[in-house]
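Protein chains: 2
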Amino acid sequence: MSKFVYGIDIGGTSIKIGLFSLSGTLVNKWEIFTDLSDDGINILTDVYQSLKSNTIALDDVVGYGFGIPGPVVNGVVSSAVNLGWLNKDIKKELSPLLNNDNIFLINDANAAALGESWQGAAVGYSNSIMITLGTGVGGGIIVNNKVVTGVTGSAGEIGHMKLKEKDGIICNCGGEGCLETLASATGIRRNFCRRLKDSNLESSISCFDNPSAKMIFDAAKNGDEAALLVVEDVSYYLAYAIQLLAVVVNPGIVLIGGGVANAGDFLIDRIIEKYNKIAFSATKDLIIQSSMLGNDAGIYGAASLVIKND
Amino acid sequence: MSKFVYGIDIGGTSIKIGLFSLSGTLVNKWEIFTDLSDDGINILTDVYQSLKSNTIALDDVVGYGFGIPGPVVNGVVSSAVNLGWLNKDIKKELSPLLNNDNIFLINDANAAALGESWQGAAVGYSNSIMITLGTGVGGGIIVNNKVVTGVTGSAGEIGHMKLKEKDGIICNCGGEGCLETLASATGIRRNFCRRLKDSNLESSISCFDNPSAKMIFDAAKNGDEAALLVVEDVSYYLAYAIQLLAVVVNPGIVLIGGGVANAGDFLIDRIIEKYNKIAFSATKDLIIQSSMLGNDAGIYGAASLVIKND
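Taken in sequence, the protein lines are chains R and S. Just so you know, the first sequence maps onto residues 6 to 315 in our numbering. Just so you know, the second sequence maps onto residues 6 to 315 in our numbering.
There could be a bad hint or two in this list.
Where chains are identical, the list cannot tell them apart; a pair therefore holds if satisfied intra-copy or between any two copies.
Cut-off 30 Å, straight-line C-alpha distance, at most; resulting in silico cross-link-like pairs (DSBU-like, lysine-lysine) [claimed, not checked]:
1) K97 to K21
2) K97 to K289
3) K282 to K313
4) K169 to K202
Because the hints were derived from the structure by calculation, they are not lab data.
The task is simple: from the sequences and hints, build the whole structure.
If you want it as structure tokens, here you go:
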């Protein structure tokens with residue numbers, strides 16, 4: 006009888022569920038809606054119902070890995086604001102239902118980094134870093150094939166590396182000058198509109214249309230001057246963050262993922278060019294490239310916790 | 006018959022040798038002169054002679070740990086400029102002489118961090134960082150009780166975290182704005198003299214006397230305005246580097262060591278005050294304090310490689 010593993014990535018909008026063979030092949034995947042009502046009290050039972058209704062019997066499941074949008078400390082979700090969770094002990098709640106103790110938790114950005122390290126763009130590198138550029142900026146740090154979590158689950162909070170002393174824009178964390186305010190999709194839009202307002206530049210994009218990061222990157226590719234300036238800014242601050250990461254943990258590869266990374270080589274080439282100018286000499290061999298698994302990175306990483314532990 | 010371990014810290018001026026019991030007690034320690042002639046060709050035989058002449062028979066020595074002033078990759082010293090060494094395979098050279106294969110190598114700053122983690126100020130913390138402020142600035146990063154070395158042995162090169170985009174002073178590494186140019190003893194002197202030259206401040210210290218970092222700190226303690234400004238600068242940049250380290254690896258404790266750290270709470274209190282203002286909220290519980298083992302940290306860390314592996 007074949008045995009399986011689930012990798013489950015709980016997000017604020019949807020929950021991604023991946024069924025993996027024990028050898029790590031993604032056999033099936035689907036999504037369910039995230040019910041945020043009543044502080045997310047239904048989320049875990051929804052997951053359970055969805056797993057139970059699948060054709061694979063729960064008895065054939067070796068274990069479950071969960072990616073969580075918040076810090077995980079000692080196997081407990083200390084807080085996941087987007088879900089309404091506080092000190093949530095997923096293992097305690099789900100073990101009796103699933104009749105299985107083999108339940109592992111990991112922060113979602115760390116899960117994505119681990120997924121890329123296991124079966125994505127960082128395969129073959131025991132030391133890697135993934136930076137996820139989405140609505141916010143997240144990250145995961147892999148040292149000797151293991152995720153670095155830190156004492157309060159805040160390791161890899163790359164979005165809150167403070168890179169500018171003064172910036173005039175307050176980050177979600179309350180700080181100023183964070184990478185998140187400089188290189189997230191939200192930050193890119195805001196900085197584009199600021200550039201446009203503060204300069205005499207003309208642009209094909211109007212800030213009244215609430216432009217997306219993709220629109221701004223597309224305009225830059227077409228030679229839009231204001232958009233190009235912002236792409237230069239974004240790639241500079243990413244290069245700046247990466248030179249810091251390089252002398253701190255000295256990885257072999259840094260991956261750029263998330264929606265903003267869809268800009269592809271147009272962004273990556275600029276980051277590399279700027280990185281090479283400022284990096285510490287002994288870390289110049291660092292590879293910087295796009296991630297590979299896209300939105301599936303999280304389910305891969307979550308599943309790998311079970312498979313690697315088995 | 007009692008068995009022992011040697012922890013040996015090879016520096017550019019002297020070589021510190023520590024004899025430890027298997028339970029980790031420092032039984033005896035001494036120093037020998039570092040012979041830098043002929044690209045340091047005599048260093049290892051000098052160490053061997055010194056060990057052989059000790060009353061403890063080499064047959065009673067379980068193993069040897071070496072701290073090296075340069076990056077160590079896969080057990081080989083890729084380069085130690087201060088010693089004149091390039092691609093030095095210490096284990097291969099010493100094993101036959103010592104009749105012992107149990108030889109471990111580690112970068113000296115990493116050795117100090119590991120020593121503090123083993124028997125110093127970071128005992129009880131599985132995740133810690135040590136920053137050494139001397140002629141240069143070094144560091145070591147401990148994750149899950151192990152040193153992070155990185156792919157080219159450059160992890161923990163905290164002195165080369167680039168913190169200022171433009172500074173006008175070129176670091177030994179060729180870069181600009183490195184923590185080393187801002188917070189090393191050399192950097193403190195240079196920045197003090199720059200402050201003095203660029204301002205109308207009076208100071209009890211003259212830059213013609215080539216003041217030491219200690220003199221500058223002492224003057225600051227006595228209310229010297231120019232010196233105080235520099236102490237504020239140094240503590241700000243250290244706090245700034247620590248806030249970055251905190252969101253990257255999220256340690257429980259950061260230790261400040263090296264000659265400059267002899268300034269004690271006068272420096273530490275200022276770093277903490279500034280850190281609390283800029284740190285990411287989830288990392289504010291971080292402890293920042295002085296290291297404990299002083300110049301012995303390296304021999305402790307080197308010895309611990311043998312004892313922990315045994």
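query: Where does the structure disagree with the numbered hints, that is, which hint numbers, in rising order?
result: 3
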